[in-house]
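These protein sequence lines are chains U and B, in that order. Numbering of the first sequence is given in UniProt numbering, commencing with residue 1 and proceeding in unit increments. Numbering of the second sequence is given in UniProt numbering, commencing with residue 1 and proceeding in unit increments.
Please keep in mind that the hints were generated in silico from the structure rather than gathered at the bench. The structure displayed is predicted, hence computed values, not measured ones. Any given hint could turn out to be false.
Residues from chain B shown here face chain U by an in silico Cβ test under 7 Å; the list is partial [as the list claims (entries may be wrong)]:
#	residue
1	Thr66
2	Ala126
3	Pro129
4	Lys171
5	Asp182
6	Leu251
7	Ile252
8	Trp267
9	Glu269
No more than 20 Å apart at the CA atoms, straight line, and that leaves these computed lysine to aspartate or glutamate pairs for EDC-like [said to hold, decoys possible]:
#	chain 1	residue 1	chain 2	residue 2
10	B	Lys106	U	Asp20
11	U	Lys139	B	Asp180
12	U	Lys139	U	Asp188
13	U	Lys108	B	Glu269
14	U	Lys139	B	Asp182
15	U	Lys126	B	Asp166
16	U	Lys64	B	Glu269
17	B	Lys171	U	Glu63
18	U	Lys100	B	Asp180
19	U	Lys113	B	Asp182
Think of the CB as a built atom: it goes at the ideal place given N, C-alpha and C, for glycine as much as any other residue.
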Amino acid sequence: MAGKTGRVKVKINQVKKIFDSRNGEVVALNGIDLDIHENEFVTVVGPSGCGKSTLLNIIAGLEKPTSGTVSCDGKEITGTGTERGVVFQQYALFPWLTVKGNVEFGLKLQGIKGKEAEEIARKYIKLVDLQDFINHYPKELSGGMKQRVAIARAYAANPSVLLMDEPFGALDAQTRTQLQEELLHTWDSEQKTCFFITHDVEEAILLGQKVVIMSARPGRIKETVDIDIPYPRNQETRMTQEFLEKKNYIWGQVYQEYLAVRK
Amino acid sequence: MEAHTLVDGTAKKKKVKRNLAERIPNGGWLAISLIAALLFWTILSLIPSTSRSFPNVFLVVESIGTMMQRGVFWKDIGSSLISVTSGFSIGFILSLPVAIVMAWYKPIRFIIEPWIQFIRNIPPLAYVPLVVISAGVGRTPQIIVITIATFLVMSITIYQGIKNIDPTLIKAARVLGAKDRDIFMRVIAPASLPFIITAIRLGTAVGLTSLIAAESTGAQAGLGMRIRALSNTFESSPMLLYIIIIGIIGLIFERLVKLLERRLTGWQEKRDV
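Bound conformation, chain U alone:
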C-alpha cells in the first residue's frame, strides 16, 4: 500500500513567480510553501488562472521560479529530470510514433534499446490495457486511449515523481471515472509520488491523500485538507458520508475563490 512515509520528496520553499506582460507584471504565484512526501498522492484544486499549472511546470523544471526554491530528494531543481515525469492535459503524444514508439521514447533517451526497451514498453502498455493497440498511431486512438499512452510513457521512463496537469480534463465523464480508477490502481502497484492538478473537486478528493486548495491570482495556498478515506478507493467512495462532507467543504472554499476571480 502506497502512502506517506514521512520522508519529504519534493520541497517547495517560498516560491514566487512573476510574469512580464504587456500590462506590466503579473504575479502568478506568491509565496508557495509545500512539502510533498514520498509516495504521497497530492491533488491541487483552484480557479483557472490561479497558477496551478505554473507550479507544476516549476516542479517539472520547465519554468524557473522568480524567487524561492524547489528541491527533489534534497537537490535543488534547476531543469527537467527523468526522476520527474509529466502527463499533460493535451496528451502530447508524438503523432509520428506508434503507441510502442511513444512509450519507448524516454527509454531510448536513457540509453535503453532493443529488446530491453521493448520489454519495458510492453509491460506498461499492458498496464494501461492497450496491448491490442501497440502498433497503432495516435490518430487511430480515442482521447482516453491517448491519455493512457501518455501515462504509460511517463511510467516507462521510471520517474519517482509523477506530475499530472489536469490529465483527464478533456475526457468524457465515463472515460474519466475509468481512468481515475486505473490511476489509483497503478499508483498502488508502482509506488510513485503523485502531484495531480484538477479543477474537479470530486476527482481531487477521490484520488488524493491531501487536497491543496489554491486561491485566485496571485496564487497562494489557501488551505491543505487531509483526506483520510482509506484506499483502495473506487466510485462507491463518492457516496460515503466522509467524502460528501469533504466535498461540500472544499467546494465551498473553491467557490469563494471563483467569486473572487469574477470580481
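Could you slot chain B onto chain U? The hints should help.
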C-alpha cells in the same frame, strides 16, 4: 412541421446526389472529365476567333512528329527537366538550413524574413535580365532563376511549419530527458516533415511556373524557350503541345510528392488536400 419537411427534403436531395457520385467509380469520373475537356477543346478549335490558338487534337498530336523530326522534342523536355530539378534541388538544400535558423534564432528571423517575403512577390521574369548580366547565358542563369524562386517559397513554408510545432511536444520530450540535440532530431525533424513535403509540392510547382522566365535567358533548348521561339513563326500546334507537356510534368511531380507524403507522413491526423 414545415421546417421538418424542409429538412427532410434537403436530406433526400443530398442522398440522390451522393448516390450519383458514388455510382460512378473514380476512374469513370476521370474519363468523363477528359471527354468533357476534349469536347471543349474541339469547340474552341471550331470557333473562328479561337481556332488559331486552339488547333484541334489531331493537329496537336501530329506536331509531336514534327518536333521529333526537327530533333528538338526530347532535347527540350530533357533540358527543362534538368533546369527545374537542379534549380529545385539547390533551392531545397538552401531552404532547409535557412528555415531552421529563422525558426531557431529570432534576430536572424527579423533580419531575413521581411526580405524573403518582399522578393517572393516579385515575378521571376522581372529579375531575369539582372541574372543574365552577371551569370551570362546558358544553363547557369536558368538554374539560378529557378533556385531563387523555389528557395523563397520553400524556406518560408518550412520555417512557418517549424514555428507552428506544438510546444507541448517539445516539453514532453524535455521531461523525458531530451537534450537540445534530441529535441531537434527526434521532435523538430519529424514534426516538420509534413511542412517539408508541402514545401516540396509548392517548390516544384513554382519551379515549373518560373520555367518560362528561366528559359528566356538565351537558352539553347527547353520547353519554355521553344514556346517563345514557336510564337515567332505562329506555329500554334506545337506551342499548345508544349504547354500541355508542361502541365503533364506538373501532374507527374504532384503525384510523386503525394506518394512521398503517403509513405512518410501517413501518421498525420489531418491530411491536407
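Each hint, compared with the structure:
Interface hint at Thr66 of chain B: violated, since its Cβ lies 51 Å from the closest Cβ of chain U, which is beyond the 7 Å cut-off. At about 40 Å, the closest approach between the beta carbon of Ala126 of chain B and any beta carbon in chain U exceeds 7 Å, and the interface hint on this residue is violated. Interface hint status for Pro129 of chain B: violated, as the beta-carbon distance to the closest one in chain U is roughly 45 Å, over 7 Å. Of the supplied interface hints, the one on Lys171 of chain B holds, with its beta-carbon coming within about 6 Å of a beta-carbon of chain U, less than 7 Å.
Evaluation of the Asp182 of chain B hint against chain U yields a held restraint, the C-beta minimum of about 6 Å falling below 7 Å. Below 7 Å, beta-carbon pairs count as interface contacts, and Leu251 of chain B has none with chain U, the closest being about 28 Å; its hint is therefore violated. Hint status for Ile252 of chain B relative to chain U: violated, with the closest Cβ pair at about 27 Å, above 7 Å. With a cut of 7 Å, the hint placing Trp267 of chain B at the interface with chain U holds, because the nearest CB-to-CB distance is about 5 Å.
Because the smallest distance between the Cβ of Glu269 of chain B and any Cβ of chain U comes to about 5 Å, under 7 Å, the interface hint for this residue holds. Taken as a hint, the Lys106 of chain B and Asp20 of chain U pair is honoured in the structure, with Cα atoms around 19 Å apart against an allowance of 20 Å. A threshold of 20 Å between alpha carbons decides the hint, and for Lys139 of chain U with Asp180 of chain B the separation of about 27 Å lies outside it, so the pair is violated. Restraint check for Lys139 of chain U and Asp188 of chain U: the C-alpha separation of about 30 Å exceeds 20 Å, so the hint is violated.
Distance restraint check for Lys108 of chain U and Glu269 of chain B: the Cα-Cα separation of roughly 25 Å exceeds the 20 Å cut-off, and the hinted pair is therefore not satisfied. The hinted pair formed by Lys139 of chain U and Asp182 of chain B fails the criterion: a straight-line CA distance of about 23 Å is larger than 20 Å. Between Lys126 of chain U and Asp166 of chain B, the direct Cα distance comes to roughly 28 Å. Violation of the 20 Å bound is thereby established for this hinted pair. Proximity of Lys64 of chain U to Glu269 of chain B is assessed by CA-CA distance (about 33 Å); at most 20 Å being required, the pair is judged violated.
Using a Cα cut-off of 20 Å, the hinted pair Lys171 of chain B and Glu63 of chain U holds, with the two alpha carbons roughly 10 Å apart. Restraint check for Lys100 of chain U and Asp180 of chain B: the C-alpha separation of about 23 Å exceeds 20 Å, so the hint is violated. As the CA atoms of Lys113 of chain U and Asp182 of chain B are separated by approximately 15 Å, the hinted pair is consistent with the 20 Å bound.
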